[in-house]
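Work the whole structure out from these sequences, hints included.
Per the numbering used here, the very first residue in the sequence shown carries number 1; after that it's consecutive.
Simulated from the structure, these hints should not be mistaken for lab results. One should not assume that every hint holds.
If you anchor each label on the Cβ, the simulated ranges turn out as follows [what the hints assert, rightly or not]: (1) 192 with 142: 22 to 28 Å; (2) 270 with 146: 37 to 43 Å; (3) 145 with 36: 30 to 36 Å; (4) 221 with 13: 52 to 58 Å; (5) 144 with 113: 43 to 49 Å; (6) 112 with 221: 39 to 45 Å; (7) 33 with 184: 30 to 36 Å; (8) 183 with 71: 38 to 44 Å; (9) 73 with 33: 41 to 47 Å; (10) 71 with 33: 40 to 46 Å; (11) 279 with 218: 19 to 25 Å; (12) 125 with 214: 44 to 50 Å; (13) 184 with 267: 44 to 50 Å.
Note that CB positions come from ideal geometry on N, CA and C, so glycine has one too.
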Amino acid sequence: MPEVGPTAVLPRRPLTVGELLDSAVLLLRAQSRLLLPLGAFLAVGEQLLLLPLRLAADLRPPAYLPGGWDPFAAYWLLLAVGAGTEAAIVTLLGNPAARAAGAALLGRHAGVRDLLRVRGARWGTTLLLALPVGALVMLGGLLGPLWFLAWTMVGSVAAVLVVDRLAARLALPRAIRLAARDGGRAAWVRLLGYLGWWILRVGLALGGYFGVAALDLVDLHDPATATVAAVVVWAAVNSVAYPVLACLDAVVHLDNRMRTEGLDIRLSRSPGHLAEPVLLAADR
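Below, the structure written as structure tokens:
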């Protein structure tokens, strides 16, 4: 039987697409004490950042759709900025998610203290790289279909930093190379995961908003109340979706390395006394 960790989060073998999606959810469950609060904090911050842009474009909650062609340019810009902030947030969450996934691959559960430990975590470098990642995705959003390409190609940046242990200047190029390997399989899985969770996010957010409206719990005819309610429902949904996407990026990265670099074979042949960073580090 394939060797698995005690939580069976990430088996030490290449996974099917369905198994990758399941592993991402299992990883989030195992690390929910850290990833969900951190995701909620970042999701609320994103909503507060986007709120002035939505108000300036005169977009109404909860769907924030333009009422005609006149505000379409502002709406397009808002979509691009939103895509960029999503990418930056998922990259930041990818730091602890990738380290937790690496530990799970070696049969160890990483605790909250382990993931919050500053030494070796490369939080500062992750933050610095989250900015260009967000900028690339935002630029892709402004150019239309290139958004999908940008999103799928940079998903491994955080994992390259904290699992592969590469220098910051090499993180983006390696992430892009990895995403393109094996016919772009990793990129397609990331896109599938994003689209699936996008449908869930829209359904849950709009369902929650209009459910509150139907129950007449608050006066959503008041613009200020409606705005606050929309911020709450979108932040609540994203506080789960963003950590899941970060976990998916982490497990896809390790699966990709097993498929294209033989990471599973390397681990099976490595001496047991080697430290975790040495076992998972990529060849330079």
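Exercise. If you check each hint against the structure, which ones fail?
Worked result: 11 and 13
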